[in-house]
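Could you build all of it, start to finish, from the sequences and the hints given here?
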Amino acid sequence: MESVIAAMAEQLGPALVVLGAALAVGFAGSGSAWGIGIANEAAAGVMTEDPKKFGYALVLLALPGTQGIYGLLVAVLAMQKAGLLGSAAVALTIWQGLGIGAACLPIAIAGFYSAIWQGKSSAACILLISKRPDQIGKAVILPAMCETYAVFGLLMSILMLMGIRI
Amino acid sequence: MSRNEAYGYAVARIRAMEPMLFDASMFQRMIDSDGLSGALKVLAESCYSRGMAEGEQASERYDSVLEAELNRTFDEIASFVPDRELIDIFRIPYDFHNVKVIMKGILKERSGGKKRFDLLTRLGSIPVDTLSANIESEEYVLLPYGLSSIIPASFSAWDQSGDIVEMERKLDGGMFAAILLLAEKVGEPGVVKWVKSRIDSENLRNLLRLKRFGFDATEVAAFIHDGGTLAPGTLVPLMSEQFDSWGRALSYSDVGLAISAAPDNIDFDKLILALEKSLDDYCSSIVERARFSSSAPENVLAFLWGKEMEVKNIRTILVSKGTNSGGDEVKEMMRRGYY
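Residue numbers (the working numbering), protein chains in the order written: chain A, 1 to 166; chain B, 167 to 505.
All the given hints hold, so there is nothing to weed out.
Selected chain A positions facing chain B (Cβ under 7 Å, derived; list incomplete):
hint	residue
1	E41
2	A44
3	G45
4	V46
5	A124
6	S130
7	K131
The hints are simulated quantities; they were obtained by calculation from the structure and are not laboratory data.
Idealized CB from N, CA, C, for every residue including glycine.
What follows is the structure in structure tokens.
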């Protein structure tokens, strides 16, 4: 029984890292897909009437996609830190694993919500450029405000990962 | 998919259709143009050209050009809007107009007159042929919007009183009840509010017309349609007051402002026109608020109402060209545009 518990403790650290990485990619990626979906509906509506607006719409509907990239980046960094990506194996304690897993949460949560709201902002701005294409500059800035909070999430995740000593 | 998401596409497409609507400069060009043919040339540069055959003189039939464009707009919006009821709210008045024309035709025929099928419009939701066939064969049960009971009731009102106004009053009451029912089916408070504002507008318009014809307060209650925000008990007492005090009496309501905007100290004919314009602008203002939202169903109402107002403005300009009215006079009558 004791040997089983010891084996579990040995594996629990890496398992928590994998869980954190999965949450970072899963939530941030889902938020991005959701946000892009919302923006896509607006873009499709505008392009049905005016296909020439594709270029403008593409810039705006790509914006909510960045959170998915941030999630992927944090997941890779976390797995690398835990030695799960090809580098030499690292012995992780449960607490180290828990720390790395928790470090993935800021981008998972901030990425998920900010991507959805950024998608809504992008959709509204696609409506703006459908009528006033000359306002594309302002139209990009408005949804980019939501991006700030995804960047904060990314920054905090990276700082937390760097702060964990192995 | 949530309701808001379902409207994401629809509202975006409507927004992209907005540049096709007339702006102030287009109306000004029509007003400044040289005669009816000049105004029609300006019209031919717009989306209305689709209803004009190449090289054709549309002066004789501009009404059908305007009708065709409005019908095309209704069809196009209906093809992508999740709630078909929003388009039917606009088509029902044309259905009831057709019912009136067909019923009057039947009554005229009974007295040896001729039917006027040229007055029928294709803007209704029920195909004209179906409507006509069902009414003439008395197959009322096949008709929607409560027409199965309203038409027999209207015919019997005519048989009892011989009063065409009484018959029309019953049909108008049924029309607003059907529109309100559709709005409630959509389940959006903004849509219901807009329909109620239209009922209020119609009631106030009726009151002023009845006042002009010398009706007194005891007679007008029957002409007030149910369903508006202003109860009959509020509206009937207005009949015993001068028009310039109506705005004050209704100042607590949104429509009070619209009435105050209508000029007083002018003759009744001009006053009725001014009030109709103010009330149409009031309905526009109710629904325009939704344009700040990228997913509100009221955007559909705003666009279709804007299109109807555009057609009304174009018709006003074209009629004025035919009668050589002044540009300032025309501008006074024009409704607020959707821009």
